[in-house]
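Participant: Model the full structure from these sequences, guided by the hints.
Just so you know, the protein sequences line up as chains A and B, in that order.
Quick note on numbering: the working numbering labels position 100 of the first sequence as 102, and the sequence is numbered without any gaps.
Quick note on numbering: the working numbering labels position 392 of the second sequence as 426, and the sequence is numbered without any gaps.
Hints are supplied without guarantee of correctness; some may be wrong.
Simulated crosslink set (SDA-like; lysine to any residue; CA at most 20 Å straight-line) [what the hints assert, rightly or not]:
(1) A:Lys110 - B:Glu325
(2) A:Lys110 - B:Ala46
(3) A:Lys110 - B:Arg314
(4) A:Lys110 - B:Asp363
(5) A:Lys110 - A:Glu87
(6) A:Lys110 - B:Arg319
(7) A:Lys110 - B:Asn331
Derived coverage of chain B by chain A (criterion: at least 3 residues anywhere in the stretch with Cβ under 8 Å from a Cβ of chain A; other residues may be distant) [unchecked claim]:
(8) 80-90
(9) 301-312
(10) 316-323
(11) 341-349
(12) 360-370
If you are wondering where the hints come from, they were derived from the structure by calculation, not from laboratory data.
No experiment lies behind these values; they were computed from the predicted model shown.
We treat Cβ as the ideally placed atom computed from N, Cα and C, and that holds for glycine.
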Amino acid sequence: MSETPESADDAGAAPDGGDAAAAVDAEAVRHVADLARVRLDDDEVETFVDQFGDILEYFEALDEVPETERTEELVNVMRPDEVEEGLTQEEALSNAEETEDGFFVGPKVS
Amino acid sequence: MAADYNAFITEATIDGADDGPLADKTVAVKDNISTEGIRTTCGSEMLADYVPPYSATVVDRLTDAGATVVGKTNMDEFGMGTTTETSAFGATRNPADPDRVPGGSSGGSAAAVAAGEADIALGSDTGGSVRCPAAFCGVVGIKPTYGLVSRYGLVAYANSLEQIGPIAGTVEEAAAALDAIAGPDPHDGTTRDLTEVDGADPDANYAAAADGDIDGLTVGVPTELFEGADERVVETVEAAIEDLEARGAETTEISLPSVEHAVQAYYVIAMAEASSNLARFDGVRYGNRAESDGNWNESFAESRDEGFGAEVKRRILLGTYALSAGYHDKYYQKAQDARAWVRDDFEEAFADVDVIASPTMPVLPFELGESLDDPLRMYLADANTTPVNLANLPAISVPAGEADGLPVGLQLVGPKFGEETVIRAASAVEDR
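Facilitator: Here's what the structure looks like:
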């Protein structure tokens, strides 16, 4: 999924305070599924509401974690910008369901 | 036979070089590790027909070392599970007891080795997925330090946590496979060149470290990783640790208070990374594509509904939720704090001890179907393995004995790039 700017949006009502209830309702599950581009049927929504309630309640214990000094030892890894061998066009397209003139064919945009 | 345990998704051969340190060895490869020309499904309907145009670095290194690939092994879908029951290709059975799960997510790899279908297997370990099945099937599994082994060609689930690791019948065989696959790879910028890492040994010989010599070794025993574990598991592991003392090791009780939060932190981070990594499966470049009359977004949602099983959907949705506005600080930031805390805890512990010992799994192998409808229960079984991934450390699971006829694994954790130390300690457990 390349164009999903709204994925960063709100996934429902944000918690007002530190101890907001973890439970989610069917509407919240459907909204998150929509953001993640996963279609769910009603049975799945119902199951997920129950399971997400349990799991998110368990995640609540993260509130007890003290804030930590985080010094990440991260460095950028670069190589000289030189042309190297990669996949051929044929190889890159070999697993696509639909192609045309060397391009991927996607579903219609609207 | 392999078919009885459903250890393989695809049986196919890639010939190895004529000679090399692994000549005459057969190797089974987890089905999330790319093999050129051989389908690589990740245990998912989404990739049931996906045939990679290239091989993972680890596959090339094993075949260059002389090993012959014999097939692609069953796994929890995209590595998401602790039992290998979430595979779209059916559950794998545990050769030690066919009514029980082999553990997961690399269950097919461990089962293939335990059943004698391969000498060595590759798994991937994001939160315990090599060590758990090794423990449940009574074989050896190594989770390398983050950055020791290339992930090029591994289909990503949670890339800040995962490493490819070997499974074998003995510590020495697993270590020899690690010798073959370890080392920097220009195709994976997170691999490290050990000549540039303080305190690491660039000339490490892992197979040679399996010499059983633990005289003077200090073993830390963290109370937190024994609390809440099945009594039969605790007794078996404690007996193995006592035997290490008899062989000249010193044991000392230690405390790792942060690990109480490891499972929560692990799942928040892994789900968040999964929601992002699995966004690539839209049915356009590869993978399942639904017959859809809908627009771009509807077509993607239908392709993903068809292609993904319940556990994968669950993790993508929870990850999306944990990263969304209003919840990011509450879940994701706190999980990163917990990750740093776990890392600091281990670092402090390794100032005083050489290795840290615990049960690999706090439970005996589940019966088939037992945990499938209760995801939280399955997650909690990862209590002892996930801290290691959060801290980027090396660990090994080695058979400690049996309880009620079922295998019990002992986990040994070492400091960063301390693979030789955990291998040496594990070989002493095996020699008892």
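Participant: Against this structure, judge whether each hint is valid.
Facilitator: Results for each hint:
{"no.": "1", "hint": "A:Lys110 - B:Glu325", "result": "holds, 12 Å"}
{"no.": "2", "hint": "A:Lys110 - B:Ala46", "result": "violated, 38 Å"}
{"no.": "3", "hint": "A:Lys110 - B:Arg314", "result": "holds, 18 Å"}
{"no.": "4", "hint": "A:Lys110 - B:Asp363", "result": "violated, 36 Å"}
{"no.": "5", "hint": "A:Lys110 - A:Glu87", "result": "violated, 33 Å"}
{"no.": "6", "hint": "A:Lys110 - B:Arg319", "result": "holds, 15 Å"}
{"no.": "7", "hint": "A:Lys110 - B:Asn331", "result": "holds, 9 Å"}
{"no.": "8", "hint": "80-90", "result": "holds (count 5)"}
{"no.": "9", "hint": "301-312", "result": "holds (count 3)"}
{"no.": "10", "hint": "316-323", "result": "holds (count 7)"}
{"no.": "11", "hint": "341-349", "result": "holds (count 4)"}
{"no.": "12", "hint": "360-370", "result": "holds (count 7)"}
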